[in-house]
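Engineer: One letter stands for each residue in the lines below.
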Amino acid sequence: MKIDSIHTLEKLKEKSFKKVYLRNPNEAIYDDQKDILVCGGTGCIASDSNQLIKNLNLILKARGYDHKVNIIKTGCFGFCEQGPIVKIQPDNIFYVKVVPKDAKDIIDQHIIGGHQVERLLYKNPTNEERIHKHKDIPFYKKQLRIALRNCGRVNPEDIYEYVAFSGYEALGKALAKSPEEVIDLIKKSGLRGRGGGGFPTGLKWQLTRESEGDIKYIICNADEGDPGAFMDRSILEGDPHSIIEAMIIGGYAIGANHGIIYIRAEYPLAVERLNISIKQARELGLLGENIFNSNFNFEINIKYGAGAFVCGEETALINSVEGRRGEPSNKPPYPAQEGYWSRPTCVNNVETFANIPPIILNGPDWFSSIGTKESKGTKVFALAGKINNIGLVEVPMGTTLREIIYDVGGGIHKGHKFKAVQTGGPSGGVITEKDLDTPIDYEHLAEIGSMMGSGGMIVMDETNCMVNISKFYMEFIMDESCGRCTPCRVGTKRMHEYLQKITNGEATMENLDNLEQLAYMIKDGSLCGLGQTAPNPILSTLKYFSDEYISHIKDKVCPTKECKELSTPKNREVQI
Amino acid sequence: MTKENMIHIHINHIPLEVREDITILEAAHKAGVKIPTLCHLDLHDLKLANKVASCRVCTVELIGKNSLVPACVTKVSEGMVIHTNSIRAIKTRRMAIELLLSNHPNECFTCPKNLECELQSLAKELGVREIKWIGERKKFEKDLSSDAIVKDPNKCIMCRRCETMCNEVQTCGILSAIGRGFKAFVGPAFDIPMAESSCTYCGQCVSVCPTAALTEVNHTDKVWEALADPNKHVVVQTAPAIRVAIGELFGIDPGTIATGKMVTALKRMHFDAVFDTDFGADLTIMEEATEFIHRMEHGGTLPMLTSCCPAWVKFIEHQFPELLDVPSTCRSPHIMFGTIVKTYYAQKYNLDPKNIVVVSVMPCIAKKAEAKRPELTKDYNTDVDIVITTRELGAMIKEAGIDFKSLPDSEFDHPLGETTGASVIFGTTGGVIEAAMRTAYEWITGEELKEVEFTQLRGMEGIREATIKIKDQNVRIGIAHGLGNARIILEKIRDGKSPYDAIEIMACPGGCIGGGGQPFHHGNDVIVKKRQQALYEEDRNKKIRKSHENAEVLKLYKEFLGQPYGEKAHRLLHTHYEKKDRI
Chain G
0 MKIDSIHTLE KLKEKSFKKV YLRNPNEAIY DDQKDILVCG GTGCIASDSN QLIKNLNLIL
60 KARGYDHKVN IIKTGCFGFC EQGPIVKIQP DNIFYVKVVP KDAKDIIDQH IIGGHQVERL
120 LYKNPTNEER IHKHKDIPFY KKQLRIALRN CGRVNPEDIY EYVAFSGYEA LGKALAKSPE
180 EVIDLIKKSG LRGRGGGGFP TGLKWQLTRE SEGDIKYIIC NADEGDPGAF MDRSILEGDP
240 HSIIEAMIIG GYAIGANHGI IYIRAEYPLA VERLNISIKQ ARELGLLGEN IFNSNFNFEI
300 NIKYGAGAFV CGEETALINS VEGRRGEPSN KPPYPAQEGY WSRPTCVNNV ETFANIPPII
360 LNGPDWFSSI GTKESKGTKV FALAGKINNI GLVEVPMGTT LREIIYDVGG GIHKGHKFKA
420 VQTGGPSGGV ITEKDLDTPI DYEHLAEIGS MMGSGGMIVM DETNCMVNIS KFYMEFIMDE
480 SCGRCTPCRV GTKRMHEYLQ KITNGEATME NLDNLEQLAY MIKDGSLCGL GQTAPNPILS
540 TLKYFSDEYI SHIKDKVCPT KECKELSTPK NREVQI
Chain U
0 MTKENMIHIH INHIPLEVRE DITILEAAHK AGVKIPTLCH LDLHDLKLAN KVASCRVCTV
60 ELIGKNSLVP ACVTKVSEGM VIHTNSIRAI KTRRMAIELL LSNHPNECFT CPKNLECELQ
120 SLAKELGVRE IKWIGERKKF EKDLSSDAIV KDPNKCIMCR RCETMCNEVQ TCGILSAIGR
180 GFKAFVGPAF DIPMAESSCT YCGQCVSVCP TAALTEVNHT DKVWEALADP NKHVVVQTAP
240 AIRVAIGELF GIDPGTIATG KMVTALKRMH FDAVFDTDFG ADLTIMEEAT EFIHRMEHGG
300 TLPMLTSCCP AWVKFIEHQF PELLDVPSTC RSPHIMFGTI VKTYYAQKYN LDPKNIVVVS
360 VMPCIAKKAE AKRPELTKDY NTDVDIVITT RELGAMIKEA GIDFKSLPDS EFDHPLGETT
420 GASVIFGTTG GVIEAAMRTA YEWITGEELK EVEFTQLRGM EGIREATIKI KDQNVRIGIA
480 HGLGNARIIL EKIRDGKSPY DAIEIMACPG GCIGGGGQPF HHGNDVIVKK RQQALYEEDR
540 NKKIRKSHEN AEVLKLYKEF LGQPYGEKAH RLLHTHYEKK DRI
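Chains G and U supply the protein sequences, listed in that same order.
For the first sequence, numbering that gives the first Met the number 0 assigns the number 0 to the initial residue and increments by one for each residue that follows.
For the second sequence, numbering that gives the first Met the number 0 assigns the number 0 to the initial residue and increments by one for each residue that follows.
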């Protein structure tokens, strides 16, 4: 079957709806059919959710319930701390930390017996109460899931489920408009690049469209590399069709017939699901020639990256796609002018793409009504570090850091005290208590000395040594520097050496002064964003925690005792 | 350029009207503002533009921009306000040099590039007096595997000039960056030894390396040892391109012919005989022109390619092994010369070839490896024992305490010292084929060639072609210099689309005058052109300008070799090629 019009798509949607009607929150369902959604994200799979699915199927069959109950392997629910996650629909019951042997209780007690398995329900850490409904869990309360809308909702390996949830409708709508109209729509929505830079997506599309050339390319940047960040992976694993749909729309808008997904080879599950989805889309005529009978042709290829952090930088990414060494080039020319094989190329991040279909479907005004003045929509963050609810969250722009950390994140782990939060990954900076009420958007984060970045958010408590944190990030940057320009190649090494000296108790105040000077010059003199932001962890920790640096240097004491060299009695003795 | 394409900018408060398509670096030059550069290299004639902007030495402050910008690749635009000497620009620039020095072996005194090193000069120019940021340095093994090029990654500053040269100009694809971050350096794929790679040893990477990360293998000590050995009869020969370049090493203007001084210097270094490779070149023409006529008349493989250039020969062996019947089988001139020394000359003067040491002074690094090729060393004796470059000879002259500039002129020794104008132009692109045509013309037509200068074969364009009418035949000639250009021609031959009968190829841009062993031009490619002009001038100065009129060469055939391209000549003066792997 080929989808050649909005009409055939609608018919298919109607047909497919049977598959998912139990999961539609708008309808009350009174029969005894059930969907058991099991998280099939990388994290939950690592915690044996595949075995859990096997067991569930086995027991269902044994009890003769397999015709009444569907087991659906979904993408990530985001609440990774509590994984593996199982959700029963239409009951909206949310089970956490489910292990394979729990399959028996879920089937026997819940499905057959009609009683919720109390011990598997999420326990609110503040009052120790079990929470039954998915929607009542504090972690989800302040979230607004646009990019993650289908993660944890659909079977990512089934295009019909995607279609049932209005999948490819946006594409049909877009192809009925002129490319300029599509670009205008995206411009009006105020969507900005979610990879970190925050460049207006519509403008990027327009610039690529306006660049001279018959052949153009659209590339999906799935080279996620921030330590601890996994939003792109989750979207690709949980909702691959949304990316494919958005790429086709983007290709149509900019005038490209060819899309490339640049994805790190370390994301095998995402790659597998993408391949399945591309095949399915092709079979339904959503990829290939004359899509929706519009004379528009589009194909997508997958290109694997070797996992270099710098390949997330668009010029480095393009070099890598071309088979060259993955290192950045000077800009200008920008990819929109001269990109892949010197053709105009538009590079958008996964999360950016994930926002496209909802914008087309619900309109730019809907999207721009969410968020702040300059930053519209939502942002996905990967919460990590010393926080209770480690996982993936999506909140409207303008939500404060405090809300994310305390309301969504459930506060600091084990009752410890909040010390700082790092946003923007290794290129960002630390934010302290005094700035916690800052509404999150591109401008405000930059104002307080950090950046949006791709959405890594690492929370630190009073046991974390800030010099050590800064050393951790510097080691990462040093290892990930491509080595092309001098400041980054040698400078990051030198900065790391200084930090090592400080944490070893061997540094002088003059060293610290030199380190700071060097940091500013590396920011000024490096070729690409990686080098230009490499000193940020040092500069921001120095700004807020200079006393910790001084304590390491002058007193030879690490206040948190995290730096081993400075916490052993031997060193104390030397001090005397 | 019309008025509309002119824009207005300020550099260091100087208002300027400049073309819109130039870089800040070029604009600054017009304003008399010098912006230091290190990785940047723009050799227009060679079509080499290293635009990696990696060293960050040329960073300048551009008002309105957060970070500094590299002047070498940033194009000017209307209203730009640029500060090249603000404290911010100066400090960052110096930081870049200090960081490079902090990761560089501290051995300038003993470095082969001492006082020729661009990093060293910049450190002085930028007033670097201390290195604030010291720390761990790279610790790589030197690659001493090849007979021609030494690679010392510890001195690599990642300017990538060699990579651009090797990949874009020469299309050999041997050198590229390996590893990441602090551990990055330039080398062959998988960091295999140079000797195991498909490197042609053209040495153009050495020519553009700003430091001593890539240098030639030094053979000067071997020459000193031979000279000091009373049992050895040490013969030296100098290639055509040496005489027009060696003066540069002694502060003599580029393009000055220094043949006489060079010969005097060699004699004062006590070589037993000072000969001229030009003699070998004339001999090559005798063989090559005969081979060419033979191939034309007997339906042999055409086009025929010249084979004087060892880098080019190695290039075809690795890159186009299916075309090995195309090059002439002639050995290169200095090898032919070595053979004649070890046979004819040895017999004539009753010398044991084992006690003869032939030293070749070449503008070339590849000749060092060529001399070690098994087929050229397999007999009881090697044809050429030691090869040194122009630079090495310059160093030896200095070491010997010879004041080159004030030397009187001397003549080459005989009987292998007579040369022609045809042989001297072997040193430039187009020269070998021109020399061959001078002889082929007269041999085919039986008439005297009045106008010996085939100007249509001259120039600096990477690929040139011309048709020369000889009797009733149009001989179609192709010329390529630089291996990238050679590749274009070879692909045409491979695809059966070559219109040529005879093709001259030289691996180095400009030919031997731009060889990898020549004095460093430090980015000034005008020098190479001046050397070319000097060679043509030397040709015009010669009484005899055709190889087949070289009396000593003719005597050699009469007394020893027999017929050109004959049995003995074939055995002694020709060679064969073999398929080599491509890595």
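Quick caveat, the hints were computed from the structure, so don't treat them as lab data.
As the structure is a prediction and not an experimental result, all values here were calculated from the model.
For glycine and all other residues, C-beta sits at the position ideal for the given N, C-alpha and C.
Any given hint could be a false lead.
Stated by the list, open to error - Just the calculated beta-carbon pair ranges, DEER-fashion: (1) G:A175 <-> U:D20: 37 to 45 Å; (2) G:R118 <-> U:R136: 54 to 62 Å; (3) G:A175 <-> U:G178: 28 to 36 Å.
Engineer: Determine for every hint whether it applies to the structure shown.
Structural biologist: A quick look at each hint next to the structure:
Between A175 (chain G) and D20 (chain U) the C-beta distance comes to about 43 Å, which sits within the given range of 37 to 45 Å. Between R118 (chain G) and R136 (chain U) the beta carbon distance is about 60 Å. The supplied range of 54 to 62 Å therefore holds. Remark: the range hint 28 to 36 Å for A175 (chain G) to G178 (chain U) is contradicted by a beta-carbon distance near 51 Å.
Checked against the numbered hints given earlier, the structure breaks only hint 3 and satisfies all the rest.
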